[in-house]
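> These are the residues of each chain, in order.
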Amino acid sequence: NAGVMQNPRHLVRRRGQEARLRCSPMKGHSHVYWYRQLPEEGLKFMVYLQKENIIDESGMPKERFSAEFPKEGPSILRIQQVVRGDSAAYFCASSNSRGPVYGYTFGSGTRLTVV
Amino acid sequence: QQQVKQSPQSLIVQKGGISIINCAYENTAFDYFPWYQQFPGKGPALLIAIRPDVSEKKEGRFTISFNKSAKQFSLHIMDSQPGDSATYFCAASWTGANNLFFGTGTRLTVIP
Numbered sequence: 054n055a056g057v058m059q060n061p062r063h064l065v066r067r068r069g070q071e072a073r074l075r076c077s078p079m080k081g082h083s084h085v086y087w088y089r090q091l092p093e094e095g096l097k098f099m100v101y102l103q104k105e106n107i108i109d110e111s112g113m114p115k116e117r118f119s120a121e122f123p124k125e126g127p128s129i130l131r132i133q134q135v136v137r138g139d140s141a142a143y144f145c146a147s148s149n150s151r152g153p154v155y156g157y158t159f160g161s162g163t164r165l166t167v168v
Numbered sequence: 043q044q045q046v047k048q049s050p051q052s053l054i055v056q057k058g059g060i061s062i063i064n065c066a067y068e069n070t071a072f073d074y075f076p077w078y079q080q081f082p083g084k085g086p087a088l089l090i091a092i093r094p095d096v097s098e099k100k101e102g103r104f105t106i107s108f109n110k111s112a113k114q115f116s117l118h119i120m121d122s123q124p125g126d127s128a129t130y131f132c133a134a135s136w137t138g139a140n141n142l143f144f145g146t147g148t149r150l151t152v153i154p
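Protein chains in written order, with our numbering: chain A, 54 to 168; chain B, 43 to 154.
Rather than coming from a laboratory, the hints here were simulated on the basis of the structure.
Watch out, some of these pointers could steer you wrong.
To be verified - Mimicking EDC-like on lysine to aspartate or glutamate, the simulated pairs with C-alpha atoms at most 20 Å apart in a straight line are:
1. A/Lys97 x B/Glu68
2. B/Lys99 x B/Asp73
3. B/Lys57 x B/Asp121
4. A/Lys97 x B/Asp73
5. B/Lys47 x A/Glu94
6. B/Lys100 x B/Asp121
7. A/Lys104 x A/Glu121
8. B/Lys100 x B/Asp126
9. B/Lys47 x A/Glu93
10. B/Lys84 x A/Glu94
11. A/Lys115 x A/Glu71
12. B/Lys100 x B/Asp73
13. B/Lys113 x B/Glu98
14. B/Lys84 x A/Glu93
15. B/Lys110 x B/Asp73
16. A/Lys124 x A/Asp109
17. B/Lys110 x B/Glu68
18. A/Lys80 x A/Glu121
Bound conformation, chain A alone:
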């Protein structure tokens, strides 16, 4: 039973390019959460999705960032026109019920470097 799968593990983008980060939740999990970890900081919540729906995007920057979780396939976090400040580790978590109190499982993350 594979855990939460994130790819790519490392991603390098030039300023102004687009970054696409993918997350496949654990089998049987329909709730997906994205977090961002800046260097020497804790994780900060970005967005919570269920299949085909964005439930809570209160932590998403208003511009350039978007997320989706289609009926088929992985969840995608998309960052348009990346800037140096977007360099961070992006983690996806999944759960089989809503919210962290029922147990999140995190993936190993995608480390985005903007040059």
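Got chain A sorted already, so can you dock chain B onto it with the hints?
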């Protein structure tokens, strides 16, 4: 605004010693307090969690102590081992919330 404050930022402990990491919070709506362990290059993994109806929870060498009146909770690692060397994050949330609020992390190094 940091909802959960964690200290120390880094900690060095001798093998066999006790590691203690502290966290404090302000939001009295929080009713779920987990600790996560993160190794380099990996995602955080849930270590142990506590609800405010108990003052202590122990799982093996790991113990959470919870002080509701002081709005503080701490992680104690007994008989610390080099394999415990990792970054530890406290977090908080409430039933019905969608997300966790994380502390800034403590990098623990256990020296042989």
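> Assess, step by step, whether the Cα of A/Lys97 is no farther than 20 Å from the Cα of B/Asp73, and give holds or violated.
With Cα atoms ~19 Å apart, A/Lys97 and B/Asp73 stay inside 20 Å; holds.
> Starting from A/Lys80, check that the Cα of A/Glu121 is at most 20 Å away, please.
18 Å, holds
> Is the straight-line distance between the alpha-carbon of B/Lys110 and that of B/Glu68 20 Å or less?
11 Å, holds
> Given the hint that A/Lys124 pairs with A/Asp109, test it: the Cα-Cα distance must not exceed 20 Å.
Holds - the C-alpha atoms of A/Asp109 and A/Lys124 are around 18 Å apart, at most 20 Å.
> Please work out if B/Lys100 and B/Asp121 have their alpha carbons no farther apart than 20 Å.
14 Å, holds
> Between A/Lys115 and A/Glu71, is the straight-line Cα distance small enough, at 20 Å or below?
Between A/Lys115 and A/Glu71 the Cα gap is close to 16 Å, so the pair holds against 20 Å.
> Given the hint that B/Lys99 pairs with B/Asp73, test it: the Cα-Cα distance must not exceed 20 Å.
Answer holds: B/Lys99 to B/Asp73 is near 14 Å, not above 20 Å.
> Can the restraint linking B/Lys110 and B/Asp73 be considered satisfied, given a maximum Cα separation of 20 Å?
10 Å, holds
> Below or equal to 20 Å on CA atoms is what counts here, so check B/Lys100 against B/Asp126.
Measuring from Cα to Cα gives roughly 16 Å; hence the hint holds.
> CA of A/Lys97 to CA of B/Glu68, is that 20 Å or under?
17 Å, holds
> For the pair supplied as a hint, B/Lys57 and B/Asp121, is the alpha-carbon distance within the 20 Å limit?
Status holds; Cα separation ~7 Å.
> Does A/Glu93 lie within 20 Å of B/Lys84 when you go C-alpha to C-alpha?
15 Å, holds
Of the numbered hints given earlier, the model fails none.
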